[in-house]
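Protein chains in written order, with this note's numbering: chain C, 8 to 119; chain X, 8 to 119.
A couple of the hints might just be wrong.
Where chains are identical, the list cannot tell them apart; a pair therefore holds if satisfied intra-copy or between any two copies.
[To be verified] Pairs of lysine-lysine residues, derived as DSSO-like cross-links and limited to a Cα-Cα distance of at most 30 Å, are as follows:
1. Lys29 x Lys50
2. Lys75 x Lys50
3. Lys75 x Lys29
4. Lys72 x Lys50
5. Lys29 x Lys72
No lab work stands behind these hints, which were simulated from the structure alone.
2 protein chains.
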Amino acid sequence: MAPAGHQPLTAEEAQSRARTLKALSDPVRLRIASLIASDPRGKVCVCDITPQFSLSQPTISHHLKVLKEAGLLSCERTGTWVYYWIAPGAEPLVSALLGPSAPTVTPDTNCC
Amino acid sequence: MAPAGHQPLTAEEAQSRARTLKALSDPVRLRIASLIASDPRGKVCVCDITPQFSLSQPTISHHLKVLKEAGLLSCERTGTWVYYWIAPGAEPLVSALLGPSAPTVTPDTNCC
């Protein structure tokens with residue numbers, strides 16, 4: 008399956024990508040990223056995210072902070088509320104992981 | 008950025024994808040998956056993986072087991088050695104995350 012010119016990751020590249028993936032390897036954060044990525048307005052108010060979860064506003068804010076610090080979200084404050092969108096540099100990754108063609112992986116039970 | 012027909016993940020979908028991403032959100036496991044994905048033979052002996060890391064064989068075997076249980080690797084035993092390859096169902100995900108066009112995400116420091 009190796010595409011031409013595909014080189015193994017260096018230790019530094021692996022460290023950086025693992026950090027990004029770690030931010031997304033939580034079901035609540037994946038759902039938040041997915042809600043934002045699929046919103047037709049392109050940006051979502053934190054006040055519209057919280058009611059979709061049975062979690063407190065501070066918990067949702069914590070998850071948003073983790074996604075933001077991993078470079079996956081951008082945001083701006085407008086009056087009382089903060090609005091979030093998928094950071095432009097993260098769009099290809101988020102599409103690959105959350106878009107309609109994102110693969111669902113199931114374990115190979117015939118494996119050795 | 009929402010592609011047409013892109014629906015937010017359900018809680019169950021998010022749970023399953025978070026498990027897969029968690030398996031890959033470790034730098035050593037990412038490098039192992041990358042080594043296997045970029046090998047022109049398409050499958051790699053565990054005896055060729057271990058020397059690439061300054062880690063013991065049992066540690067490498069543990070990481071291989073996590074990747075296998077997440078459905079990311081398939082394997083077969085040939086004599087003394089076990090050979091691993093990217094599970095066919097996981098190829099699109101692994102390509103998106105590890106291929107040459109995989110995006111590097113950097114935090115938006117102008118964020119709110």
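List of violated hint numbers, smallest to largest: Result: no hint breaks.
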